[in-house]
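So the protein lines, in turn, are chains U and Z. Whatever position you read off the first sequence (first residue = 1), add 9 for my numbering. With my numbering, letter number 364 in the second sequence gets 362, and the count goes up by one each step, no holes.
Read the hints as simulated data drawn from the structure, not as lab findings. One should not assume that every hint holds.
Going by beta-carbon spacing under 8 angstroms, a handful of chain U positions derived as facing chain Z [to be verified]:
#, residue
1, Gly77
2, Arg81
3, Pro82
4, Tyr83
5, Pro85
6, Arg91
7, Arg92
8, Leu96
9, Arg118
10, Lys121
11, Ala138
12, Leu140
Computed footprint of chain U on chain Z; a stretch qualifies when at least three of its residues, placed anywhere within it, have a C-beta under 8 angstroms from a C-beta of chain U [stated by the list, open to error]:
#, segment
13, 137 to 149
14, 441 to 451
Because the structure is a prediction, the values reported are computed rather than measured. For every residue, glycine included, the Cβ atom is placed at its ideal position computed from N, Cα and C.
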Amino acid sequence: MNRLTLAVAGGRKTQGVVDECAAAPAGHRILVLTYTVANQHEIRTRLATRAPIQAQVHVQGWFSFLLGHWIRPYLPRQFPNRRLSGLNFDGDPGIYATGVCRFLDEGGRAYKLHLAQLAIMTSSASGGAVLDRLLRMYDEIYVDEVQDLNGYDLEILLTLLSLPIDLVMVGDVRQALLLTNPRERKNSQYKGIQVKKWFDERAAAGLLDITQAATTWRSNQIIADFADSIFDDSWGFEKTTSINNGVTGHDGVFVVRPEHVDAYMPLFQPLCLRHNANSARSLGLPFMNFGIAKGRTCERVLIAPTGVISDFLRLGKQLEDLAACSLYVAVTRARASVAFVSDVADTIDFPEWTP
Amino acid sequence: MCGSVYAPMFTQLLNHPNHHRAEVTALITRSVTHLPGITPSMIERVFVEGYRRFKKLDVALSAPLNILVGDNESGKSTLLEAIAIGLTGRVNGRWMVEELNPYWFHRPNVEEYFGSYGSQQSAPPPEILIEVYLRNDTAVQRLRGVHNSASTDCPGIRVHIAPSPEYEQEFSEYMTKQPPPVIPVEFYSVDWHDFADQPLTQRPKELATAYIDARTIRSTSGVDYHTREMLAEHLDSRERTSISVAHRLGRQQITDDVLAPINARIAAENPTLRDRSVGLQMDQTSRTSWESGVVPQVDDIPFAMVGQGLQASLKVALAMSRTAGTSTYVLVEEPENHLSYTTLTRLLARLQHLASDDQQLFIATHSSFVLNRLGLDRMLLLHDGRTATLSSLGDDTVGYFRKLAGYDTLRLVLADRLALVEGPSDALVLERAIRDATGKAPLDLGVDIVSMGGLTFRRALEVCSCLERQVVALQDNDGKEPTSVVAPIEHLLHPPTRVLFVSDPSNGPTLEPQVIAANDDATLREVLGLTDRVDLATWMRNNKSEAALRILDADQRIRYPAYILEAVAVLQ
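Let's have the full structure, built from the sequences with the hints guiding it.
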């Protein structure tokens, strides 16, 4: 049966995949797909520590999966006499490019932008051979970071869901920050966190079971409760339970005035996070952007809030999807403490830290 | 995994103190136990273009066992080599990229290219294409796709050797200098891909291949690459490591104990070198890894020093013990070499056993015995870059030849034109008749006269008919009407390509009375050197071969029975 596990940040999603691979019987052939290179490396490393593993496990990135299994073997069926020479990661053929030019650059490299669409086309041009080949190669497919799939990627997922093969997906839709192609019109209603609706609809159609894993090993309960509060109840997320009961003397969510940051920094050495390079320049701290922090874990974070985040903190004004996801990612990096820099600390309902 | 399973056998093979030839033979004949988990992936087709003698060769295969036969220079070995290149990327144990040389290219293509270069219709630069098509089995799905010249959706591997786009300019500059007609391989690149268009850098693990060449022992260190590879696979990684460490320590000890005093002396005697210490040490670089210094032994004799027959047996035995579990493809070059009849028979039994759902065998042979034994229907005849098979041969005929394994079937198979006769005396008389009519020996006309020697005309003609051979058969009437002799085998005849002439019963049942009937008594007595007192018919019946030899060597010509003359007319 196809399964989706929606896990909270710090819910050991990846560990779950590794555990299942390690427990799989001998002869079982498993393909593990992830969206980011960092995560591929993470999974390979963790699998290596579990050696010897009985099953055959193959870890692959999403793009390499599309290139290697969907496009490369059967590209001539879609575009006669063409061979694939690689991936054009950043290129854009432009919105008016049609035919082969929309998908392959002059050097025969496929545009990442339309990769999944080319995969779908090649698969149907192959007359079912792409899927037959895949079915005969693997008994089970895991997709980690499933929240990052969008546009035609979802058509790929839909195809996999319909195949007689077990598809096991894990992800956290509240961390949906990456977009392969922001201009893509296909499935545009399911961008970002809205992808949860896509999964809910497939579940309703009986294509998969969704379970929630609401236990976090990372953030303490105060941070977890705050992170939960970023999203409206209408999303239907279960309340996060923390099993991090550690006490450091500075635990929970705080506000720090800009003039106290210099004192805060050496004392707590937090990871400093901001929206982008234009945010909080005046503070002069070694900031990292929200998006890049994804996947990291640290003891404490210090966040330079954007205007909308400030409004959320002060007035409880709901954030729009992407901003909410960004803040969720930023907050849930921390095990012990989250501090927001604000010059109106007294208007925010969190304890203020002073030197 | 396999290494440890067969390690006991390896040890037994190489280290047993009282080991002798019979035991090697016994090991060869030991029954094969197949390890589980190996799934077959039969080679279904091999396509070769522009490689050595093949302008284009397209071979369809379906059987686990394939026996390649053909004249010398017909490309048996070349085909095995091409399969090995496709499957392993290696040739003679070395990377094809390193081995690539101008003589790999099909000579006529090269000549055409250089001959037409710069003209209106210049030929494209020669290229080489080798494609191995596999059955669409689960184990090889990774190699599946449509990147092959047939655009077929199946698993497979493709080697394409063509001018490198990178050196396009250098290549054309080179050509403007009117170079000698030798392909400048420096400007070529070797593209090794599976049919999914995934580049290959090493042999795909699904395609375990064993190449057994009993003909020669190539490497100067006594053991060729294949043998060494086999040996290495009998050792597990722990054993390999311990050998490697001991080897390294040993070399270091020589440096410390033996070379150190020598170095001290060198330093003392060469004051000019004093500011830099110069001396000798044992080479510890990877070039001197233990693999190149370790050789198999038999009865404490290094492998290279034992007899070639034993070497061949040993190689085959080693390859097979490994092969039984791991290799999907086994390529064997001329297994008959250096082997005694008994050893060969046992070896063939084992080879036959090996060919199964799990393994596919390709055997190149010059031996009719090997061919008959392993089954004529498994034969793949290479001729002029084309292939023919005997797969439509009836099972009973295959079984018949298997029992008659000593029969020289390859003569039937390889001859340009065949004359089939009853026995040796018929062969001699026909030879003389051809010479009398044409002034040439039969072989100069491309005619091979084969005497049946126990084989029936029906079986022989069945083989010839499968191969569409040109054949003239001469059969005795044995007292029957020619029509009743022809009737049972008429379906195998195809005039004028395959014809049968039967002697006239009114002139006697066999060759001797036929000759007597065709000649006057005096001439025949003179040719045979017989006096009047001898009864001609009796003497000839009792001295068939002698009579034929005298006819062959006589100064005087005889007259020939009509059926022989008709045959000669066709053969002319």
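Structure-based check of all given hints:
no.	hint	in the structure
1	Gly77	holds (7 angstroms)
2	Arg81	holds (5 angstroms)
3	Pro82	holds (3 angstroms)
4	Tyr83	holds (6 angstroms)
5	Pro85	holds (5 angstroms)
6	Arg91	violated (10 angstroms)
7	Arg92	holds (6 angstroms)
8	Leu96	violated (14 angstroms)
9	Arg118	violated (13 angstroms)
10	Lys121	violated (19 angstroms)
11	Ala138	holds (5 angstroms)
12	Leu140	violated (12 angstroms)
13	137 to 149	holds (count 7)
14	441 to 451	violated (count 0)
The structure shown violates the earlier hints numbered 6, 8, 9, 10, 12, 14.
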